[in-house]
Structure formats: C-alpha cells, structure tokens
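Peer 1: Each chain, written out:
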Amino acid sequence: SQKIEQNSEALNIQEGKTATLTCNYTNYSPAYLQWYRQDPGRGPVFLLLIRENEKEKRKERLKVTFDTTLKQSLFHITASQPADSATYLCALVTGRGSTLGRLYFGRGTQLTVWP
Amino acid sequence: GAVVSQHPSWVICKSGTSVKIECRSLDFQATTMFWYRQFPKQSLMLMATSNEGSKATYEQGVEKDKFLINHASLTLSTLTVTSAHPEDSSFYICSAPRDKEGQPQHFGDGTRLSIL
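First to last, the protein sequences are chains A and B.
Position one of the first sequence corresponds to residue 1 (my numbering), numbered consecutively onward.
Position one of the second sequence corresponds to residue 116 (my numbering), numbered consecutively onward.
It should be emphasised that the hints constitute simulated quantities derived from the structure, not laboratory data.
From a predicted model like this one, the values you see are computed outputs, not experimental measurements.
Cβ coordinates follow ideal geometry from the N, Cα and C atoms, glycine included.
Each hint should be verified, as a subset may be incorrect.
To be verified - Using 27 Å as the maximum straight-line C-alpha spacing, the simulated DSS-like pairs for lysine-lysine come out as follows: (1) Lys156/B x Lys71/A; (2) Lys3/A x Lys63/A; (3) Lys17/A x Lys57/A; (4) Lys170/B x Lys135/B; (5) Lys3/A x Lys156/B; (6) Lys129/B x Lys181/B; (7) Lys3/A x Lys71/A; (8) Lys156/B x Lys179/B; (9) Lys181/B x Lys135/B; (10) Lys156/B x Lys63/A; (11) Lys179/B x Lys3/A; (12) Lys57/A x Lys71/A; (13) Lys55/A x Lys3/A; (14) Lys156/B x Lys17/A; (15) Lys17/A x Lys71/A.
To be verified - Derived list of chain A stretches under chain B, where covered just means 3 residues or more per stretch with a C-beta under 8 Å from a C-beta of chain B: (16) 31–43; (17) 62–74; (18) 105–111.
All chains should be built: construct the whole structure from the sequences, respecting the hints.
Peer 2: Now the structure itself:
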C-alpha cells in the first residue's frame with residue numbers, strides 16, 4: 001500500500017540548533033515533493049518544493065534534500081527559533097500539470113523550539 | 116497576504132443542517148481547486164478536485180451527494196455539506212494552484228465545522 005511517513009509525531013529542540021525532519025514514502029513515484037508549515041487552526045503554508053531530478057534546495061534557513069533511491073526527503077531548519085514552532089507537513093505530487101496536482105500528505109511533525 | 120480566502124472560518128450547527136463553505140482565489144484564476152478534510156492529528160485527506168465549468172472529481176469513499184461541489188467561476192468553488200451529522204465535524208480546507216504547472220498550491224485558512 002502507499003504510505004507517507006514522517007519520522008516522528010513531535011520533535012523538541014533548543015533554540016539555535018538545527019531541526020531535521022524526515023519524510024519517507026513507499027509505492028509512490030513523485031514528480032515533486034513539497035514541505036508545508038501548518039499552524040494550529042490554519043491552512044498549510046508552502047515552504048519549499050523539490051523536483052524528482054533535484055537533490056537539494058535551499059531557501060534562507062531552510063534546506064530540503066530528496067533521495068529518490070532511498071525514497072526519502074530531509075527537511076532542515078538551521079539556527080532554529082521559537083517562531084519556527086509549528087507542524088511541518090511533507091506532501092507528494094505524483095502527476096504533472098495543473099489538472100494532476102493532487103497532493104498526498106504525511107501526518108506531519110510537530111516541532112517545538114524552546115528558548 | 117492571503118491568495119486563497121476561505122469562508123466561514125468556523126461553523127457550529129445542529130444535525131441535519133446543510134452548510135456551505137466558500138473558497139476564493141483572490142488575485143489569480145483557478146480552473147482547479149482542491150478540497151481536503153483534516154481530523155485532529157491526522158494528515159490532510161483529499162476529498163475532491165473541483166473543476167471550473169465541469170463536474171467535480173471525488174476521491175474513493177467520498178459521497179458526492181453528501182459533499183456537493185460547485186465551481187461556477189474561475190475564482191470561486193463552494194463545498195456544501197448536506198444534512199450534516201456529528202461525524203462530519205472536521206476541519207475542511209481548500210487549495211488552488213497558482214500557475215500552469217500546478218505547484219505549489221495555496222491553501223485557505225480552513226473551516227472548522229462542528230455539528231451538534
């Protein structure tokens with residue numbers, strides 16, 4: 001069966017450290033892998049997108065890696081801050097084109113950054 | 116600022132009531148919008164794909180007569196939960212892709228539906 005697993009339900013780290021979140025998938029062939037941030041009672045907010053032929057993407061303090069052999073993506077937040085505390089969602093897109101933009105989500109990892 | 120607006124943000128109503136949720140793209144046209152449902156501590160589950168000018172495509176297990184979708188214009192899709200019951204209580208979220216490639220998607224802020 002198809003699965004998207006995010007390594008842990010919760011991750012607690014100290015401010016200034018690097019947070020690393022893991023997303024593993026089985027029985028998917030994603031064209032894209034995306035990471036979203038979701039705050040309580042809010043909709044997800046897009047952070048980064050990485051394509052199947054890309055290994056790494058960076059945006060400010062965020063970095064995403066994508067290993068299609070391992071079927072895994074790692075999401076890093078460097079120099080973490082309490083404001084980074086939220087739930088982070090991994091999402092896969094298996095099709096191409098706007099009519100095939102169905103997203104499949106993991107359950108998310110709730111990150112807490114403490115001062 | 117928000118590019119997808121969802122309204123209302125929360126609804127509390129009696130069992131048997133029908134509830135309409137609106138999803139608007141604010142500064143772009145969306146021929147396709149998506150509707151998701153999220154239970155506490157669970158992942159977002161795609162319910163249906165809303166297509167402007169044509170019928171929605173529902174995911175397996177989602178009753179199309181229960182969850183009516185209308186995408187009458189390029190900026191508005193509506194989800195109507197008909198004759199809602201307590202088990203329909205959930206967080207409903209819509210999304211729309213902004214560009215032709217379809218990714219990434221922009222999400223509304225969700226509608227918390229509570230059926231008494």
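Peer 1: Are the Cα positions of Lys129/B and Lys181/B separated by 27 Å at most?
Peer 2: Since the Cα atoms of Lys129/B and Lys181/B sit roughly 16 Å apart, the hinted pair holds (cutoff 27 Å).
Peer 1: Between Lys55/A and Lys3/A, is the straight-line Cα distance small enough, at 27 Å or below?
Peer 2: holds (21 Å)
Peer 1: Establish whether the coverage given for the stretch 105–111 of chain A by chain B is satisfied; the threshold is a Cβ-Cβ distance below 8 Å, and no fewer than three residues must meet it.
Peer 2: holds (count 4)
Peer 1: Taking 27 Å as the top limit, are the C-alpha atoms of Lys3/A and Lys63/A close enough?
Peer 2: holds (23 Å)
Peer 1: Does the stretch 31–43 of chain A contain three or more residues whose Cβ lies closer than 8 Å to a Cβ of chain B?
Peer 2: Since three or more residues must qualify, the claim that chain B covers the stretch 31–43 of chain A holds, with 6 doing so at under 8 Å.
Peer 1: Within a Cα-Cα threshold of 27 Å, do Lys170/B and Lys135/B meet the stated pairing?
Peer 2: holds (17 Å)
Peer 1: Can you confirm whether chain B covers the stretch 62–74 of chain A, using C-beta to C-beta distances below 8 Å and requiring at least three such residues?
Peer 2: That given contact is violated, which follows from only 0 residues of the stretch 62–74 of chain A lying within Cβ reach (below 8 Å) of chain B.
Peer 1: Against the 27 Å threshold, does the CA-CA distance of Lys3/A and Lys71/A hold or violate the hint?
Peer 2: With a Cα-Cα distance of about 11 Å, the restraint between Lys3/A and Lys71/A holds, given a limit of 27 Å.
Peer 1: Are Lys3/A and Lys156/B close enough, with their CA atoms no more than 27 Å apart?
Peer 2: Roughly 16 Å between the alpha carbons, so the hint for Lys3/A and Lys156/B holds.
Peer 1: Run the distance test for Lys179/B versus Lys3/A: straight-line Cα separation, threshold 27 Å.
Peer 2: holds (25 Å)
Peer 1: So if I understand the rule, the pair passes when the alpha-carbon distance is 27 Å or less; does Lys156/B with Lys63/A pass?
Peer 2: holds (25 Å)
Peer 1: With a cut-off of 27 Å on the C-alpha distance, tell me whether Lys156/B and Lys17/A pass.
Peer 2: holds (25 Å)
When each numbered hint is compared with the structure, a violation occurs for hint 17 only.
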